[in-house]
Amino acid sequence: MVRPTSVLMHATVVPGPTVTHGATHGAPAWDADQALEQLYAAHWRSLVRLAVLLVHDNGLAEEIVQDAFIAVHDRWHRLRDPDLALAYLRQTVVNRSRSALRHRAVVNRHVARGTREVDVAGSDDGALSTERRDAVLAAMRSLPDRQREVMALRYYAELSEGEIADALGISRGAVKSHASRGAAALRAALADYLEERS
Amino acid sequence: MTRDNSEDQLSFLIRDAVSDVEPTDRLSDLRARTATTSSSRRWWPAAGGAVLAAAAAVTAIAVLGNDPAPTVDPGPATTPSATDPAPSDATPTENDQQAVPAYFVGDTPQGPRLYREFQPVSSPTLGLTGLSLLESGPLDPDYTSLWPSGSFGDISDPVAGVVYLELTDAAPSELSDLALQQVVYTLSAAFQESLQVDVHGPSGPRDDIGPLLATVTPAPQLEVLSLVNLSDPSEGQVVGDTLSVSGRANSFEANVLWTIEQDDVVVDQDFFTAEGYMAERLFPFSGEIDVSSLDPGTYTLIVETDDPSGGAEGGSGVFSDTRTFVLE
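Those protein sequence lines, which keep their order, are chains A and B.
For the first sequence, this note's numbering assigns the number 1 to the initial residue and increments by one for each residue that follows.
For the second sequence, this note's numbering assigns the number 1 to the initial residue and increments by one for each residue that follows.
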């Protein structure tokens, strides 16, 4: 069963890392615990899916997103604009996914992994869609870090170029460049599936 | 969704690839973990007395007030902060100067390790000042820095616990682990959170960012820090009748042995008791030494860890830190 993709990650304005916020008096209406519950209800699934696109491993993705939620909870009183919590969560997920991949790359040199890393829940999807999903995740996995992050934030989280630049701490020009190279690489890797649909 | 162009097809494929991912419910786990972490993480620790606490808070606010960007990531929530970043013993000095911590390299029985040194700085800039201290070097002649002048280029504010740091051509071509730990410990102390530092090489004229050379997080304290480290007195400090001493240590039974020498002759010795030793970190110690009976002159204060094994049986050996002080 292919569920309708619900993308819950429409961003509000994301500040660049160097934007200074003048006002600090606007205290969060929620306390940290309430915020955690609300953010979890709204974004847990979509953030885990984003992380799966980045790390190609469901269990690891959940760990990463869980840690991101805890990080935001711990800093709740310092977030000058609680509306930006989603942007912080997303940045944390992207950064931690990158760290996790690096860590695993080192570990993998010593431990050969033969098992499939992504477990697919729907068994009635049919072999074709399972194979296609595997191919897409594998193709994402084969991209350089920045390209993979830009692809996931653009096509899954549906962020604008400027929002991606802020989330990754790179320039808009770099986002363009990574996006164009990443898309070209994915098109080449997934040519079979793209042709089917054209 | 129209699928008549490859953009939309890619978008569909990417979303579809994770459309069947249904994460397990971890909300109760999250509640349990935040219930314990929320109360244990603080921006600045409570100091001894009420007046001291107030002064420390003012200093901390002054420093944090410069923080231009909100940050969310204090490091992996499952591990306590690897650094002991809040400089509770950073006291405001004269002329609105602030004591800024930087981590330098000194010898120990376990090879070179990091020592934290506070230097008085007027109007410090968060993060940048710590790095510039690494370039300008330590006050204590027993320490050294592995970063020559001009090593550091651009640095970002922490975003989600990650700092992007660009090196210049003046930086060492071989980056040792200890040199990188100097940076990550110094920046983590400045921003009072356990940071990841992504170290990039110089960017070319057409690059936005230089090549990534290393990704560094703070190594465990007991693997990279000297097991005893003085904060006060500072090197060459002039003192009156009382020598105030503070620092951090991890020493057997929390004993921190101290000795005052002049011209290699011991003139006094005793010990301090640190706040603990049964954990993988350093613990604060402090005390006052009555030096009113000593003649004016230049003295050396030596603090040492207690090593009952005498260096045998896999003991870590005796770590020490020294400061010269002047009695008037």
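Don't take each hint at face value.
With the C-beta cut set under 7 Å, the calculated list includes, among others, these residues of chain A facing chain B [stated by the list, open to error]: (1) Q38; (2) Y40; (3) R45; (4) V52; (5) L53; (6) L60; (7) E62; (8) Q66; (9) T92; (10) A100; (11) L101; (12) V136; (13) L137; (14) Y156; (15) S160; (16) R187.
Don't read these hints as lab results, they were simulated from the structure.
Glycine residues also receive a C-beta, built at the ideal position from the N, C-alpha and C atoms.
Status of the hints after comparison with the structure:
no. : hint : result
1   : Q38  : violated (11 Å)
2   : Y40  : holds (5 Å)
3   : R45  : holds (6 Å)
4   : V52  : holds (5 Å)
5   : L53  : holds (6 Å)
6   : L60  : violated (12 Å)
7   : E62  : holds (5 Å)
8   : Q66  : holds (5 Å)
9   : T92  : holds (4 Å)
10  : A100 : violated (11 Å)
11  : L101 : violated (11 Å)
12  : V136 : holds (4 Å)
13  : L137 : holds (5 Å)
14  : Y156 : holds (6 Å)
15  : S160 : violated (14 Å)
16  : R187 : holds (6 Å)
Going through the hint list in order, the structure does not satisfy hints 1, 6, 10, 11 and 15.
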